[in-house]
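Number of protein chains: 2
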Amino acid sequence: MKIIDIRETAIPLNSTLRNAVFDFSQMKTSIVAVITDVIIEGKPVVGYAFNSTGRYACGAQMRMRFIPRILSADPDSLIDKERNNFDPGKILSVMMQGEKPGGHSDRSVGIGTIEVAIWDAIAKIEEKPAFRSIEERYNPGGAKPKMFVYVGGGWYAPGKGTPELLEEMQGYLDMGYTQLKMKVGGASISEDMKRLEAVLNLVDHDGWNLAVDANCGLSRQGAFDYAKALEPYKLRWYEEPTDPLDFQLMSEIADIYHAPLATGENLFSVQDVQNLIRFGGLRPNHDVLQIDPPQSYGFGSVTQTIKMLNTHGWTANSIMPHGGNQMSLHIAAGLGMLLCESYPNTFGMFSGFADDAEVIDGYIELDETMPGIGFEGQSELFTIMSNLSNE
Amino acid sequence: MKIIDIRETAIPLNSTLRNAVFDFSQMKTSIVAVITDVIIEGKPVVGYAFNSTGRYACGAQMRMRFIPRILSADPDSLIDKERNNFDPGKILSVMMQGEKPGGHSDRSVGIGTIEVAIWDAIAKIEEKPAFRSIEERYNPGGAKPKMFVYVGGGWYAPGKGTPELLEEMQGYLDMGYTQLKMKVGGASISEDMKRLEAVLNLVDHDGWNLAVDANCGLSRQGAFDYAKALEPYKLRWYEEPTDPLDFQLMSEIADIYHAPLATGENLFSVQDVQNLIRFGGLRPNHDVLQIDPPQSYGFGSVTQTIKMLNTHGWTANSIMPHGGNQMSLHIAAGLGMLLCESYPNTFGMFSGFADDAEVIDGYIELDETMPGIGFEGQSELFTIMSNLSNE
Numbered sequence: 001m002k003i004i005d006i007r008e009t010a011i012p013l014n015s016t017l018r019n020a021v022f023d024f025s026q027m028k029t030s031i032v033a034v035i036t037d038v039i040i041e042g043k044p045v046v047g048y049a050f051n052s053t054g055r056y057a058c059g060a061q062m063r064m065r066f067i068p069r070i071l072s073a074d075p076d077s078l079i080d081k082e083r084n085n086f087d088p089g090k091i092l093s094v095m096m097q098g099e100k101p102g103g104h105s106d107r108s109v110g111i112g113t114i115e116v117a118i119w120d121a122i123a124k125i126e127e128k129p130a131f132r133s134i135e136e137r138y139n140p141g142g143a144k145p146k147m148f149v150y151v152g153g154g155w156y157a158p159g160k161g162t163p164e165l166l167e168e169m170q171g172y173l174d175m176g177y178t179q180l181k182m183k184v185g186g187a188s189i190s191e192d193m194k195r196l197e198a199v200l201n202l203v204d205h206d207g208w209n210l211a212v213d214a215n216c217g218l219s220r221q222g223a224f225d226y227a228k229a230l231e232p233y234k235l236r237w238y239e240e241p242t243d244p245l246d247f248q249l250m251s252e253i254a255d256i257y258h259a260p261l262a263t264g265e266n267l268f269s270v271q272d273v274q275n276l277i278r279f280g281g282l283r284p285n286h287d288v289l290q291i292d293p294p295q296s297y298g299f300g301s302v303t304q305t306i307k308m309l310n311t312h313g314w315t316a317n318s319i320m321p322h323g324g325n326q327m328s329l330h331i332a333a334g335l336g337m338l339l340c341e342s343y344p345n346t347f348g349m350f351s352g353f354a355d356d357a358e359v360i361d362g363y364i365e366l367d368e369t370m371p372g373i374g375f376e377g378q379s380e381l382f383t384i385m386s387n388l389s390n391e
Numbered sequence: 001m002k003i004i005d006i007r008e009t010a011i012p013l014n015s016t017l018r019n020a021v022f023d024f025s026q027m028k029t030s031i032v033a034v035i036t037d038v039i040i041e042g043k044p045v046v047g048y049a050f051n052s053t054g055r056y057a058c059g060a061q062m063r064m065r066f067i068p069r070i071l072s073a074d075p076d077s078l079i080d081k082e083r084n085n086f087d088p089g090k091i092l093s094v095m096m097q098g099e100k101p102g103g104h105s106d107r108s109v110g111i112g113t114i115e116v117a118i119w120d121a122i123a124k125i126e127e128k129p130a131f132r133s134i135e136e137r138y139n140p141g142g143a144k145p146k147m148f149v150y151v152g153g154g155w156y157a158p159g160k161g162t163p164e165l166l167e168e169m170q171g172y173l174d175m176g177y178t179q180l181k182m183k184v185g186g187a188s189i190s191e192d193m194k195r196l197e198a199v200l201n202l203v204d205h206d207g208w209n210l211a212v213d214a215n216c217g218l219s220r221q222g223a224f225d226y227a228k229a230l231e232p233y234k235l236r237w238y239e240e241p242t243d244p245l246d247f248q249l250m251s252e253i254a255d256i257y258h259a260p261l262a263t264g265e266n267l268f269s270v271q272d273v274q275n276l277i278r279f280g281g282l283r284p285n286h287d288v289l290q291i292d293p294p295q296s297y298g299f300g301s302v303t304q305t306i307k308m309l310n311t312h313g314w315t316a317n318s319i320m321p322h323g324g325n326q327m328s329l330h331i332a333a334g335l336g337m338l339l340c341e342s343y344p345n346t347f348g349m350f351s352g353f354a355d356d357a358e359v360i361d362g363y364i365e366l367d368e369t370m371p372g373i374g375f376e377g378q379s380e381l382f383t384i385m386s387n388l389s390n391e
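From first to last, the protein sequence lines stand for chains C and G.
Sequential numbering of the first sequence, starting at 1, is according to this note's numbering.
Sequential numbering of the second sequence, starting at 1, is according to this note's numbering.
The following block holds chain C by itself, in its conformation from the complex (with noise of 0.2 Å):
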C-alpha cells in the first residue's frame, strides 16, 4: 500500500467580498490530490483537499519541500499496520523533516492541506464517512452525525446598505440556518450598532443567534469601544477584536466583555493555542476556539490542541472549526465539536457541503454513506479535483 503522487493546483478563489481587513480578489487556493495504489471497485482510491479561505495557494513550498519527502520515504514506514491502512501522523513526521521549529505558517497549511486529503483517502479505504474514521480512533462513541451549523455573513461590499445587508441575512434565514454572523469594525461604531440591531430583529431579536466578528481590525480602544457597545446586545460571540497574536489585550477585553469572545483561525499550531489558553484569558466552557484544521497542519494536530486544551480543563465542545466546508464539518462531527460554519455561495466552490445537503433547524446531517470527506458530493469543486488526478 503507498501513496503514488501527489497533485496541486492553484485555483482563483474569485471572491469580490471584503472584511474589516482585506478583500479576497487577489487570492489563489491549493487544491490536492494523493493518489494511492489501493484499488476499490476498480479504480485507484484518491484523497482530496484544498487549503481552506483566507490563505494563499502553497504548491511551491508542497513541490519544493512536503511532497517530495512522502514519495522518497520508505513506504512501508508510513502505514499504520494495526488497522492496514495510511498512518497520517507517520507521514506528518516525514513532511517535517528539515524543518526549523517555531515559524508554523510557512508550511502548516501545505502540510495540513495535505494531511487532510490523506485522511480523505483512509476513510475511503476503510469504506467509511471520514467522520467515523476520525471517531473511530479519537472519539469513540462521541461523533455529531448531527451538526449544527451557523453561517458567517454580513460582509460589507460597496454600495450595500442596511436593505441589502437583511436581505443577505434573510435569505441564509430561508435557507434553514437559525444562527448568523456579521462583520463589524469595517464601518463606525454607530453605523454598525444600525446594521446590527436591524439584524437582530430579523433573528428575533435574540443575541444567542447572531455573532459578530471584527477579522482583526480594530486598535485597542476601538475593540474596548465595541466590546463596551456590544456587551448589552448578549451576543452569540464577538470574534478577533484586534491583533490574533495579542494574547495580552484580548486578556483585557475579556475582563470587561461578558458575553463569549470567539477567536483561533490565525494561529497555526499547538503551541500557540496553548499560549491563547494561557495568557488570553478566555473562560472554558464559554468562549469559542476557531481552529483551521487544513491550515494548521491538518486533522491530526486538531487532536493534539484538544489534548491539550483537556489539560486546562477545556474540550472540544468549545472548538468551532474555521471554514465552512466538507472537511470542518466531518472534523467537527467526528471529534462532537460545539458547531460548524458555513458561507453559503460565499467563496464559489470553495464554500458549503455537498450539493444536496439540506439544512433543518440550523443542523446537517452528515451523510453516512459516502466513504470520505465527501468532496465527491460537490459537482463543481470534484470536478476540478477530478481533472487533477485524472481519476
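Treat the hints with care, as some may be off.
Beyond 10 Å from chain C on every Cβ pair, some chain G residues (computed) [as the list claims (entries may be wrong)]:
1. Gly-98
2. Lys-128
3. Glu-167
4. Pro-284
5. Ser-386
6. Asn-387
Distance condition first, Cα-Cα at most 16 Å in a straight line; then the derived EDC-like pairs of lysine to aspartate or glutamate [to be verified]:
7. C:Lys-28 with G:Asp-74
8. C:Lys-43 with C:Glu-376
9. G:Lys-43 with G:Asp-74
10. C:Lys-2 with C:Glu-99
11. G:Lys-2 with G:Glu-99
12. G:Lys-28 with C:Glu-99
Keep in mind the hints are simulated off the structure, nothing from the lab.
Computed from a prediction, not measured in an experiment: that's the story for all the values here.
Think of the CB as a built atom: it goes at the ideal place given N, C-alpha and C, for glycine as much as any other residue.
With chain C held as given, fit chain G onto it using these hints.
The following block gives chain G in isolation, referenced to the frame of chain C:
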C-alpha cells in the same frame, strides 16, 4: 525614481552541518535583486539581499504576491519625498496588501528579504554604508562602527570527536575571535559537558567567552537538566532550550537559571517578540534577544521591535541579530546592538562578511567607504547577485 524590476533566484545552501534538530542539506536560499532607475556612475542602482539561513527559499511567494504589488503600485507612492529616496515603510505596506493578520512566517521571510534589498539600494543612492543610513534615521549618533562579533560554531558532525571540535574552535580563535558558541543537545548531557569543558579550557576557562545553543531540541525535563548542569559555568548565554513559542516554559527556566538566556531567531513579528517579553520571564540588560531581520519583515520591523522593547525597559543593547552576514552586521552597527554573529565558512557564500574583513580582538570595523550593505565585497556571493541583475 522607481523600481523597475525585482528578481529572485534560489541557491542551495550546500551545508552538511547539523544541529540538535535538523540538517541543512536540502535547503535553498533566496537571493533578491531590486533594480531601480536611479543611475550612479552610469549604472542603475541595484539593491541586494538574501533570506539569511535556516528558512527555505520563498521565490514563489515573492512572485505571486509581494513583487507584483510593488511593481503595480504608483511609483510616487513609494517615495520618501523629504529624503528623495525610496521609503521602506511605504513599500512594506504595499507588500502587506491582501495579507491576513497573524501567520507571519508565511510572508515575513520573503517580504523581509525584499525590504533589506531596498535598504541596500537606499544606502547606495545616499552613497553611504547602510549602517549610516540606518543610524541617521533611527539612532542619530548611536552607531557602532566597530562591532563585537562572536562565532556560532561547535557543530555536531558524523565522526566528529572532541579533538576535531577543539580544532574547529581553535581555528576561530586564530582568526581573531574571542567569544565562541557551541551546540548542545545533540549528544548525552554527560558527553556534552565533556565537550563544553574541553572548549572552556581553550577560552581560558572563562564562561563569558562561551555560549551554548540547544536549537530548541530539548524536552521540558532536558531543558531543566541542562540548566542545572550549565549554571556553574556562568556561560555567556544558554540559547533556545525548547520550543521557541513556549514562553511559559522559558519563564520557568529563567526562574532557575541565573546566567543569561537567549532566544528570538524563530519569532517573526513584533507581536511575537512582545509576547516573549511579556510572558517569557526574560530579564532586561541581562538576557539576549536574537532576531533575524531579513526573515522577520526586514530592517524597519527591527526598529519597531526596539520601540516596543523600550516600553518594556529593554534597549537595542540587548539584541544580537541572528545570521552572521553583512545584513546583520549593518543593522547591528546602525542601531547600536549588543553584538553580531559570525559563521566563518559554515554556510558557504552565505557566511561571513567582506572578503577583506579583519577580526581583531573580537571586533570588526565596518567599511565607511563602501556604499550599501556591502555585498560587493563578497566576491563569490556577488557574482551570483550581479548575474541575477545583469548589472
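Problem - Hints the structure fails to honour - result: When the structure is compared with the hints, numbers 1, 7, 9, 10 and 11 turn out to be violated.
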